Amino acid sequence: MCVIFWTINDPIYDLVIASNRDEFLSRPTLPASWHDFSPSSSSSSSINPSEPFRILSARDATGGGTWLGITRNGAFATLTNFTEQSAPLPAGMDAFESRGKLVRDWLVRQAQGTKARQRGLAEVHREIECYLLGVAEKGDRFAGFNLLVGAVSADGGVVGYVTNRNADGAVVKDAKPKIFLPQPHINAPPTGMSNSTLTQPWSKVTSGSTLFQSALLQHQQHSSTDHHIDLIERLFDLLWTSSDPKPATRAELRNSVLISPLELPAAPQGSARDWYATRTSTVILVRKDGKAVLVERDTFQAEEGEVGLVNGPEGSGATKGRSGGQRTFEWTIE
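Taken in order, the sequence shown gives residues 1 to 334; the numbers are from the working numbering.
Don't read these hints as lab results, they were simulated from the structure. All values derive from a computational prediction rather than experimental measurement. Careful, some of the hints might be misleading.
Straight-line Cα separation of at most 25 Å, DMTMM-like style, residue types lysine to aspartate or glutamate; simulated pairs [claimed, not checked]:
hint	residue 1	residue 2
1	115	155
2	246	23
3	173	155
Label-pair restraints from in silico Cβ distances [stated by the list, open to error]:
hint	residue 1	residue 2	range
4	308	123	27 to 35 Å
5	117	307	22 to 30 Å
6	112	39	18 to 26 Å
7	214	92	44 to 52 Å
8	92	203	33 to 41 Å
Here a beta-carbon is modelled for each residue, glycine too, at the ideal position from N, C-alpha and C.
Can you make the complete structure from the sequences, with help from the hints?
This is how it looks when you write it as structure tokens:
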């Protein structure tokens, strides 16, 4: 039940992303680091982008994929699962392909590409559309997903979206990608996405998008400097917003940006239960001058059978305050 908010229309930033990853707390995960998806880079925890690794993301420790990542040259991708009971397998397939490869393949392809400031909007637009058309052609080979890929160009950020489900949950093949181009002179609202289609947003997306836009405007109006710390903290406040009352069932997860721990079945048809919650919150900023920062904060964790809040707003009882259990990466977009 992940959620992501983004904009490419800010006067200071070419790209702003705020995202929560909601997952079972026992699922093995590697924290954000520079890497290249090879096993040899799995132990890398470097915050120094001068190393050869050109992709920055957290990773699933079992499958090796990721749900959100960015490259040194400003390409990014994120994916959410479409909430569904089950989906029919295409003829001749015993199992769906991993959805995480859709994010990985874009990042790997773009990581070795042309420097961002050497590419115009039209070129980036074509690359995104071509990639998403290829994904759409084989959309029935994956369980339901929403995929965003994008890149920063010499003229701003470009984002593309494709899904293999319609609003009713039916399988869609050969879907037409939606491309978002920067509109700097238009008061274009930010966009949010969770585990429904982009055209049928859940209430957490609607309410969170309003808070996201408010955080951007407050930063523009009240910050005495364009330094990113002010905006980062405002965006984490958004990501730590919970519904009242907090979700108590799987169906209620669609109402809250922050998911507090609750026990859910670990498998769709299984009886075993596991703790499920927001595990990490991530903010990515890319300024128009190319300065970039990614901040990943642990949210809820389970250790030795105890579930606790690691980072959270003031007064939340978080064990490490606002910024413990944090990884920060700063670099300049190539």
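Hint check:
For the proposed pair residue 115 and residue 155, the alpha carbon gap of about 13 Å is at most 25 Å, so the pair holds. With a C-alpha separation of about 16 Å, the suggested pairing of residue 246 with residue 23 holds against the 25 Å cut-off. The suggested pairing of residue 173 with residue 155 is violated, with an alpha-carbon distance near 32 Å, which exceeds 25 Å. For residue 308 and residue 123, the Cβ-Cβ distance of about 47 Å falls outside the hinted range of 27 to 35 Å, so the restraint is violated.
For the pair residue 117 and residue 307, the beta carbons lie near 45 Å from each other, so the given range of 22 to 30 Å is not met. Between residue 112 and residue 39 the CB atoms are about 19 Å apart, so this pair conforms to the stated range of 18 to 26 Å. Between residue 214 and residue 92 the C-beta distance comes to about 50 Å, which sits within the given range of 44 to 52 Å. A hinted range of 33 to 41 Å for the beta carbons of residue 92 and residue 203 is consistent with their spacing of about 39 Å.
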